[in-house]
Every structure is written in structure tokens, then in C-alpha cells.
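Undergrad: Chains A and B, in that order, are what the protein sequence lines are.
716 is the number that the working numbering gives the last residue of the first sequence; the numbers go up by one with no jumps.
278 is the number that the working numbering gives the last residue of the second sequence; the numbers go up by one with no jumps.
Just so you know, the hints here were simulated from the structure itself, not pulled from any lab data.
Please note that the accuracy of each hint is not assured.
[Unchecked claim] Which chain B residues stay away from chain A? Per the calculated CB distances, all over 10 angstroms, these:
| # | residue |
| --- | --- |
| 1 | Val-16 |
| 2 | Phe-39 |
| 3 | Leu-121 |
| 4 | Glu-153 |
| 5 | Cys-158 |
| 6 | Ala-166 |
| 7 | Ser-167 |
| 8 | Gly-218 |
| 9 | Ser-255 |
[Stated by the list, open to error] Quick list of simulated restraints, FRET-style, between CB atoms:
| # | chain 1 | residue 1 | chain 2 | residue 2 | range |
| --- | --- | --- | --- | --- | --- |
| 10 | A | Arg-646 | B | Thr-141 | 34 to 44 angstroms |
| 11 | A | Arg-646 | B | Trp-75 | 15 to 25 angstroms |
| 12 | B | Val-232 | A | His-514 | 52 to 62 angstroms |
[As the list claims (entries may be wrong)] A few chain A residues that don't get close to chain B, going by computed Cβ distances all over 10 angstroms:
| # | residue |
| --- | --- |
| 13 | Thr-517 |
| 14 | Pro-539 |
| 15 | Ser-687 |
All of these numbers come straight from a predicted model, not from anything done at the bench.
The C-beta atom is built at its ideal place from N, Cα and C for all residues, glycine as well.
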Amino acid sequence: MNSPAVVSLEEVCVSIRGVRILDHISLNVPEGSFLAVIGPNGAGKTTLVRVILGLVRPHSGTVRLFGRPPSGPHNQKHLVGYLPQRQHFDPGFPVSAHDVVMMGRVGCIGLCRYPSRADKEAATATLRRIGFRDELITKPIGELSGGQQQLVFLGRALCSHTRLLILDEPTNGLDLVAQRTFYRVVRELQRDLGLTILVVSHDISALAACADRMICLKGRVYVEGTTREVLSSPRLAEAYGTYPYPLNVTLREGIDGFSGL
Amino acid sequence: MDFLAYEFMQRALVAGILAGILCSAVSLFVVLQRMAFVGVGVSHSALGGIAIGVLMTVNPVLSAAVFCTLVAWAIGLVSKKGKLSEDTVIGVLFSASMALGIALISLAPGYQPELFGFLFGNILAVTRTDLVVLAIASTVIILFLALFFKELLFMCFDEESARASGIPVDLLYFALLTVIAVTVVVSVKILGVVLASALLVIPAVTGYELSRNFRGMLAVSVGCGVFSAVVGLWLSFELNLPSGATIVLCAASLFFLAFLLSPRRGRLQKGTGMFC
Numbered sequence: 456m457n458s459p460a461v462v463s464l465e466e467v468c469v470s471i472r473g474v475r476i477l478d479h480i481s482l483n484v485p486e487g488s489f490l491a492v493i494g495p496n497g498a499g500k501t502t503l504v505r506v507i508l509g510l511v512r513p514h515s516g517t518v519r520l521f522g523r524p525p526s527g528p529h530n531q532k533h534l535v536g537y538l539p540q541r542q543h544f545d546p547g548f549p550v551s552a553h554d555v556v557m558m559g560r561v562g563c564i565g566l567c568r569y570p571s572r573a574d575k576e577a578a579t580a581t582l583r584r585i586g587f588r589d590e591l592i593t594k595p596i597g598e599l600s601g602g603q604q605q606l607v608f609l610g611r612a613l614c615s616h617t618r619l620l621i622l623d624e625p626t627n628g629l630d631l632v633a634q635r636t637f638y639r640v641v642r643e644l645q646r647d648l649g650l651t652i653l654v655v656s657h658d659i660s661a662l663a664a665c666a667d668r669m670i671c672l673k674g675r676v677y678v679e680g681t682t683r684e685v686l687s688s689p690r691l692a693e694a695y696g697t698y699p700y701p702l703n704v705t706l707r708e709g710i711d712g713f714s715g716l
Numbered sequence: 003m004d005f006l007a008y009e010f011m012q013r014a015l016v017a018g019i020l021a022g023i024l025c026s027a028v029s030l031f032v033v034l035q036r037m038a039f040v041g042v043g044v045s046h047s048a049l050g051g052i053a054i055g056v057l058m059t060v061n062p063v064l065s066a067a068v069f070c071t072l073v074a075w076a077i078g079l080v081s082k083k084g085k086l087s088e089d090t091v092i093g094v095l096f097s098a099s100m101a102l103g104i105a106l107i108s109l110a111p112g113y114q115p116e117l118f119g120f121l122f123g124n125i126l127a128v129t130r131t132d133l134v135v136l137a138i139a140s141t142v143i144i145l146f147l148a149l150f151f152k153e154l155l156f157m158c159f160d161e162e163s164a165r166a167s168g169i170p171v172d173l174l175y176f177a178l179l180t181v182i183a184v185t186v187v188v189s190v191k192i193l194g195v196v197l198a199s200a201l202l203v204i205p206a207v208t209g210y211e212l213s214r215n216f217r218g219m220l221a222v223s224v225g226c227g228v229f230s231a232v233v234g235l236w237l238s239f240e241l242n243l244p245s246g247a248t249i250v251l252c253a254a255s256l257f258f259l260a261f262l263l264s265p266r267r268g269r270l271q272k273g274t275g276m277f278c
């Protein structure tokens, strides 16, 4: 792919309390691509996301987000939508689905400014795009189902001037139907808006049906390539200690009901 | 109303309303950020700051403001660094500050009637200067909350995502700690060290019980704070009770009523908040 890199890491190393979490990681995420990052527990997947977002500073190496450092002046965070690992928020927190999506615009509205009518309309339009009917838009977040809540958080990640969507374990704890719906919406968004997507997940079945490229991480990059190349690589079993998915699956044609996404 | 015939009661009423508005507005974020125990810790530590002021013959409100802010920042620093949990740090600092206050008071020569006013509150002794200080502090703090409302709400709901969006979460957190410290100190004269934290929690929790929307929660919170201050002051005058305690009892009564009627528990209403 010759598209410019939205995310670029060169020889990035991160240690936390003396333990090396990421070891000389280099990767490029081209514009418009769908990159899946997989790996066993403790592989450093979430740390990688936090490095890209500028929330963790690497010990060495360089990180570029839209060609600039992810934190500091002139950063491009307003172009990034982030969905952190499924949150354990207070279900009674007094905000509606619309209020939560509006939070996604806080960064681009700027400090000491109030949301305009256009901001509110953008939040409503985002919720409609991800399939929310009017009566759900004003519903308190705690009264929505787990799948609907996750779609609201996806809406919040989209409601800025988003060009890169980073999803960290987005379907943890969701049932199969909610997972299918979630990835179908993500796929549609990528197609319609031309977004670049980076997903960190254990959910190889779903990712196999969605992602263009895949990286298997375990402190360092174990395998990298197209989804098919990575899932058929013997190095994958080496990273996990076993094959992390049924061997008889047919990629992109039907893994655990994720075909046709 | 008879009780407003006295100038000190008029001052007390204005002070009560100002403190009611200020504390209830701040309490929204104290409750949403789950910082109720921070309010308790900071208000009790005010005794140490007041005692330092009395002993050094400095304005006790000023010394308490500095001391409480330092205690609040220490709570934030130690807990944010992950060395100890927030409630553990508060438990240590609040008891140490109170102990320091008691020790210093015992060193102060003679009887210190002012100290007992700070301990239990004496709204009837509010001076014109106290009113001016309270009015300035209320204006500045409410302006801060209004200007950074959306950022504070985002931080309270999801700190990680707020940080990732480029919001200066650490700065806002320490600003909120400072706001709590200053609010406690300017309310101490009215409610006392022991009860000042009550109005930093009860109004917003009452709003939380009656509304599922932060706008409704804020409106109920401010209404509860002002109502408690006015009715509490009137009752204290009529029944000859300490004003700070009466105000807090009024607020607590409103909370218990809200708790019983709360649509969150579906007792009377299902599906809708009373003040949504």
C-alpha cells in the first residue's frame, strides 16, 4: 500500500516498573486500512494503543500520529476516535446517549467554549448513523443494553473530526449478536467514511472477517501481514502456545457466524 | 419575617444562600467524581490550618485555605501516583491534621472562643468581610465550573477517554481539589469544620436520586442547598438551635425524602426521572 501512514512507530520500547512491555516495535498503519492487533494476555496490546495515543511515553523510538508526535503542541488528537476497553462506569451516571456522544466533541470544541447547535446536531446525526432511533438517543446510558452502550461509545469516538478509530477490546463481554452488530457498524463506517481502523482484540473470529492486515504481538511483533498470512503462520501458535482458533475455519467465509460482515 | 429584622440575620441569610449555591454546585462534581470522602478529609483538616492561623496571629481563614489546599493536593498526588489508595491517604492526612489542630490549640494561650465557632460553625457571627470573601470565592468558583463544565463532566464519566481526547485531566483534577478546599474553608464559618463537608455531598446526592440527567441533578442540588440554608437558618432562629447543624439536618431530611421517592428505585415512578 502506498497510502501515507496514519500511525507510524519506529523501534519503540516501553518498560513499566522495570519490565519490558514493548520491545523494538515498528509498524505503519496506512490510511484507510483496517489493522487488527492480536496476541495473548499481557502481550502489550493495550500499552501499544496507549503509546499511539500519547498516554504512555516510550523509553526509546519514535511515534508519529498523522505525522506528528501524539502529545505536545500541534498534536492531531482531534482526528482520533478512541474506544477504551469496556468500561465499568456507574450505570446511574446522569447522562443520556446523546450526552455521551457529545463528550466526543469536547476536544474539538475547545476549552471554555460551549457546544453549538451544530455540535448537538452532529451528535444526533452520529447516533442515527449507528442505528439509534430517536427514543434511544435521549435514554440514560445506564438503561441501554451492553451492546447499545458500546455503540454509544463508538459514536463518541466518531463524533470528533475522526479519521482514525482505535478500538481496544471493543466486544468484550458482548453476546454474539451484539458483537456481529458492532463489527457490522464498524465495517460500514470504514467503507462509508474512509476511516482508518486499528482494533486490539482477542476476538480472532470477528477480526478475520473484518481486518485487511493483522499483527500478532507478544512484547514484540511475532507475525505481521495480511489476515490470511498471519492466521496461517506457525509463528501464531508459537506466540499463543497453541492455535488460538479452530484449525478448520475458512477465512472470510464463515468463522463462528461472522461471515458477510 | 421576624428573624430578618436583625442585621446579623440578614447577613446570615445572604451567607447561607451563597454557601448553599456554592457548595451544591461544587457537590455535583464531588459526587460524580466520587470524591465525597475527599470533602470530609479536607474539611476536617481545616482545623489544623485554623489552629496555625490562630497561633501565628494570621487570619485563620487564609491559613486554613492554604493548609486545606496543600492537604487536598497531597491527597491527589499520593493517590494519582498509585502509591496508596485515595481513602487511605485521606484517612491518614485528615486524622493527622485534626491532631495537629488540637495540639496547636492546646498551645494557644487563654480561651479561644473563635475556634469553637470554626469547629461547629456560627453563621450568626458572619461579618461583612466574611460575606465579601464568600461572594468573591463563590463567583470565581462558579465561573470556573461554568467554563470547564463539559471537560469536568467528561473527566468524571471517563477519565481515560477524556485524557485521550487531549483534555488536561490532571490539571482539572487538581483544580477541582483546590475548588473543594476553598469551598470548605469559606463555608467553615457557617457550617463548621465538622459539618462543612455535608453540603459538599448531600445536595448533589439528593439531585442524583431525583434526576437521571445532570442538568436536572444540578438544578435539584442548588435548590436543595439554598432551601436547606434558608429553612435551616429560620428553624435555628425559631427553635434556638445551632444554625450549621440545623442547615445540615434540613439537607439530610431532603435527601431521605428524595431517597424514598427516587424514580431510580421505581417506588413511585417507573421509567422517568421527576426532574429530567
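Undergrad: All hints are to be evaluated individually against the structure, with a verdict given for each.
TA: Results for each hint:
no., hint, verdict
1, Val-16, "29 angstroms, holds"
2, Phe-39, "16 angstroms, holds"
3, Leu-121, "34 angstroms, holds"
4, Glu-153, "6 angstroms, violated"
5, Cys-158, "8 angstroms, violated"
6, Ala-166, "4 angstroms, violated"
7, Ser-167, "4 angstroms, violated"
8, Gly-218, "7 angstroms, violated"
9, Ser-255, "22 angstroms, holds"
10, Arg-646/A x Thr-141/B: 34 to 44 angstroms, "52 angstroms, violated"
11, Arg-646/A x Trp-75/B: 15 to 25 angstroms, "49 angstroms, violated"
12, Val-232/B x His-514/A: 52 to 62 angstroms, "59 angstroms, holds"
13, Thr-517, "20 angstroms, holds"
14, Pro-539, "5 angstroms, violated"
15, Ser-687, "34 angstroms, holds"
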